[in-house]
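Participant: If you read the sequences in order, they're chains A and B.
For the first sequence, the numbering used here begins at 1 and goes up steadily by one.
For the second sequence, the numbering used here begins at 1 and goes up steadily by one.
Bear in mind the hints are in silico, worked out from the structure with no lab data behind them.
Note that beta-carbon positions come from the ideal geometry of N, C-alpha and C, so glycine has one too.
Take these hints with a grain of salt, some might be off.
Said to hold, decoys possible - Where chain A lies over chain B, by a calculated footprint (3+ residues, C-beta under 8 Å):
no. : stretch
1   : 62-74
2   : 82-90
3   : 306-316
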Amino acid sequence: MKLLRFNSIQSNIAAVFAFLIVLTAVVISISSYQLSSIAARKTAQEYTTELIKQLNLNIQTYITNMENISMLVMNNRNVREFLTAQNTLNAEEISDFLQSISVSRKDISSINLFSEEGHWISDRKDAQLNPNITVEELSWYRDAAVANGEIVISSSQVQPIFQEYPWVVSLSREIRSPGSNQTLGILLVDMNFNVLNDIFDQFDIGKRGYVFIVDQRGNIVYHPQQQLIYSNLKEERIDEVLKDQSGSFITDEGGQSRMYSIQDTGFGWKIVGVSYLNELVSNKREMQISFLALGLISLILALGVSFFLSRKLTRPIKQLQEHMKEVEKGNFDIQVPLDHTREIGRLARTFNMMVVRIKELMSQVVKEQEFKRKSEISALQAQINPHFLYNTLDSIVWMAEAKKSEEVVLMTSALARLFRSSISKGQELVSIQTEVEHITNYLTIQQMRYRDKLAFHIDVAPSILNYLTLKILLQPLVENAIYHGIKNKFGVGIITIRGHEYQDDVLFEVIDNGVGMDDKTIARILSNQATTERRGMGVANVNERIQLFFGNKFGLNYTSELDVGTTVSIRIPKIGPDAIEQWEREE
Amino acid sequence: MNWFKRSFIIILLVAFVFTVYKGLSIVPGSMKQKYEITVVIKSMEPSMEFWQVLIDGVEVAAKEFDVNVTVTGPPNESEIDEQIRILDEAIQTSPDAIVMAATDYNRLVPSAITAKEKGISLITIDSGINSEVADSFIATDNFEAGRKAGKAMADLLEAKDKVAIISFVQGTATQIDRESGVLSSLEEAGITVIDTYYSDGVEGKAYQITKELSEKHSDLRGIVGLNETSTVGAGKAIRDLKLAGQIQLIGFDSSIDEVKLLEEGVMQATIVQKPFNMGYLGIKTAVEVLRKEKIPDIIDTGSVIISKQNMYTNENQKLLFPFVEK
Chain A
1 MKLLRFNSIQ
11 SNIAAVFAFL
21 IVLTAVVISI
31 SSYQLSSIAA
41 RKTAQEYTTE
51 LIKQLNLNIQ
61 TYITNMENIS
71 MLVMNNRNVR
81 EFLTAQNTLN
91 AEEISDFLQS
101 ISVSRKDISS
111 INLFSEEGHW
121 ISDRKDAQLN
131 PNITVEELSW
141 YRDAAVANGE
151 IVISSSQVQP
161 IFQEYPWVVS
171 LSREIRSPGS
181 NQTLGILLVD
191 MNFNVLNDIF
201 DQFDIGKRGY
211 VFIVDQRGNI
221 VYHPQQQLIY
231 SNLKEERIDE
241 VLKDQSGSFI
251 TDEGGQSRMY
261 SIQDTGFGWK
271 IVGVSYLNEL
281 VSNKREMQIS
291 FLALGLISLI
301 LALGVSFFLS
311 RKLTRPIKQL
321 QEHMKEVEKG
331 NFDIQVPLDH
341 TREIGRLART
351 FNMMVVRIKE
361 LMSQVVKEQE
371 FKRKSEISAL
381 QAQINPHFLY
391 NTLDSIVWMA
401 EAKKSEEVVL
411 MTSALARLFR
421 SSISKGQELV
431 SIQTEVEHIT
441 NYLTIQQMRY
451 RDKLAFHIDV
461 APSILNYLTL
471 KILLQPLVEN
481 AIYHGIKNKF
491 GVGIITIRGH
501 EYQDDVLFEV
511 IDNGVGMDDK
521 TIARILSNQA
531 TTERRGMGVA
541 NVNERIQLFF
551 GNKFGLNYTS
561 ELDVGTTVSI
571 RIPKIGPDAI
581 EQWEREE
Chain B
1 MNWFKRSFII
11 ILLVAFVFTV
21 YKGLSIVPGS
31 MKQKYEITVV
41 IKSMEPSMEF
51 WQVLIDGVEV
61 AAKEFDVNVT
71 VTGPPNESEI
81 DEQIRILDEA
91 IQTSPDAIVM
101 AATDYNRLVP
111 SAITAKEKGI
121 SLITIDSGIN
131 SEVADSFIAT
141 DNFEAGRKAG
151 KAMADLLEAK
161 DKVAIISFVQ
171 GTATQIDRES
181 GVLSSLEEAG
191 ITVIDTYYSD
201 GVEGKAYQIT
211 KELSEKHSDL
221 RGIVGLNETS
231 TVGAGKAIRD
241 LKLAGQIQLI
251 GFDSSIDEVK
261 LLEEGVMQAT
271 IVQKPFNMGY
281 LGIKTAVEVL
291 RKEKIPDIID
301 TGSVIISKQN
311 MYTNENQKLL
321 FPFVEK
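Go ahead and model the full structure; you've got the sequences and the hints to work with.
Facilitator: Shown next as structure tokens:
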């Protein structure tokens, strides 16, 4: 069922492929079917036309033959004499002559001469004229009489002149005297229709096609279904055929449409070949079915091919998707196997790299968070350094015993302020002002403890007091300056704290005039390894806290000279009080 | 995946089999078994033009409807037993349909029933049988033909004129229908009909009857011959007695003799049937029955009255002078 969802790339690709293939198959099938049926029909049409032409030629030859016979008769000396002299002296000879022509040809029914005077000579010596008919009234006679000596070919008809009533086609012709155009008589050559009928019957056009012939008046000379037409059981398009000179037309009768191919014989007849269009393309149904089958096969192929192709194309994407799901679930130990396809391969490689990077970043974040917690704890420890507290309280006790009550008050209140300023509502960032107050209190306490041995100056630019800083930033540094620089110094140690803007940042400096440190010591107190010495850790911790909070650009910088002093510069970014939210959140 | 692959292959196989099957079935399908139709006529005698023309019609229809047709029948119309035998033989070959012209109204009924029981469609043409088993009956409406003949006679005569009818075999359906048709027209016109005489289909007997009638009834003004032999016999008698014009003659069917009688003016008109159409429609109707189309119980193929004046028209020539391919 998944396959039917069209919102996946695979089903989309499959649908597009299938659509394209089917469309192509359909277009090709239909057009090739059309083309082949047109070609088949054209061939059949040409064939029919050719057939009718052939038939036409046969009939023309046949009629020409008959015309030649009539010429032969007309030009016979005896015949001419008989007609011009209008006597029957040579009747016997002429009859012999006519008989000699007709006896050799079974297609001639009879040859007759009718003179203007009413004499009659036939090739049949013993024949009698039908007494019940008038020859002059018969159509072939009347037609010839008005044809100006041209040959007249009748339709197929019954010839009643001998009371034999054969079916004939009559060729009749008026004979005129050479000079005067005077009518001398009529020559009649009757052709056995049987012979013509046989010729026509031989022509088959398809199973149901047929040939028919009409004369110029529209009389049917030959039609296999003549009687059906006379009885109105069938219709024939004789009017249309008469209108057409030569050529063809197609009737519009649906499945029974017919094609008429017409040939004019030149002597009045029109030969018409009729073929059924559905027969012309005889294997139409086969063609239809095979094209249908081809279409069906291509459809199935199309569906199959498109399914497999789309599947092949989308498989790596799906794989990638599966892996992504794993990653989504939190499994970062996954590597997508690289695909052969370039695009997908790149995608997979990038994905792999991304997963690795995410993994690294995550562990880094975990480490940093861990460290932050640690360093916070360290800062807290620095703040409530038990040694310091102990020493301070010890000093207070000493002062109290010495009844130096003023100094006790001063020290105790400084200690109280010190702790108060460091409470800071648990926030990591405090204003510089608070930090300065804190360090002032701290230094006040220390100064009271070390008396003449320690002096301090605090010189912080008022412009920076509102900026923020990490809390307990300065205390470890000052503590370090006292214990490493001043404590071992002979004479008064002076600690100077300065704070001011430096370029876009804030710069603090803790300067002492103590014993100074060598580079090794500086490196040691700045490194995290300096855990053995508890105090050194404070400095390293400060440095790391700054860098964690503000980035590697910031931090501590020691410059020291032995027996001269040490300067620590602390660089932090300028953070306005408004930005506290942002910084706290990022933490 | 596997499921889909398998079903895809199955579909492909089915399509392949389907195509092959179709491809194989098309070839014989296009040469689908043609209908086999047996036509049993009354007479195979080549000189019997009526039946030869009917066979022409059968063949034209066979070509048009693309059916296989076997034409068979006894040599002569009077051989009823032979026709029954031929019909039974035809039934044995189990054609799809039988088209039959019965030589006897009653005696072919059992065989016809057998044919129907075997599931063969049955069409009767020209002469029916005394049963309802035939799917259709295709023939000249002989009563109507008779009426035409009677009307033609009545048109030539006046009321009270005397007319005789010369029929052929007493008791045949064709004869009875024609006679009643003639009688009904003549009665309407108030023509007196002396009687109906029977030539038994013998020309000489008709000749004799006519001769005797003319002697007995000097006021006889017309004779209606109900078939070809009766008509020709009567015509020849009228010609020989030189009574042409005095005794009008209306006949049935066509032959050279009748044409001569028409041309001579001895016979005034003849009623001709349309055997070609009968044969054609017999096959056409049989095919329609086989195709389960609706067909009428009776089809009248019609008749035409031909006189000397219209005997050479295109239409009538074909009916009067059947062109039979030799």
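Participant: If a hint holds in the structure, say so; if it does not, say that too.
Facilitator: We went through each hint and held it up to the structure:
1. 62-74: holds (count 3)
2. 82-90: Contact hint for the stretch 82-90 of chain B vs chain A: violated, 0 residues under 8 Å.
3. 306-316: With 3 residues in contact (Cβ-Cβ under 8 Å with chain A), the coverage given for the stretch 306-316 of chain B holds.
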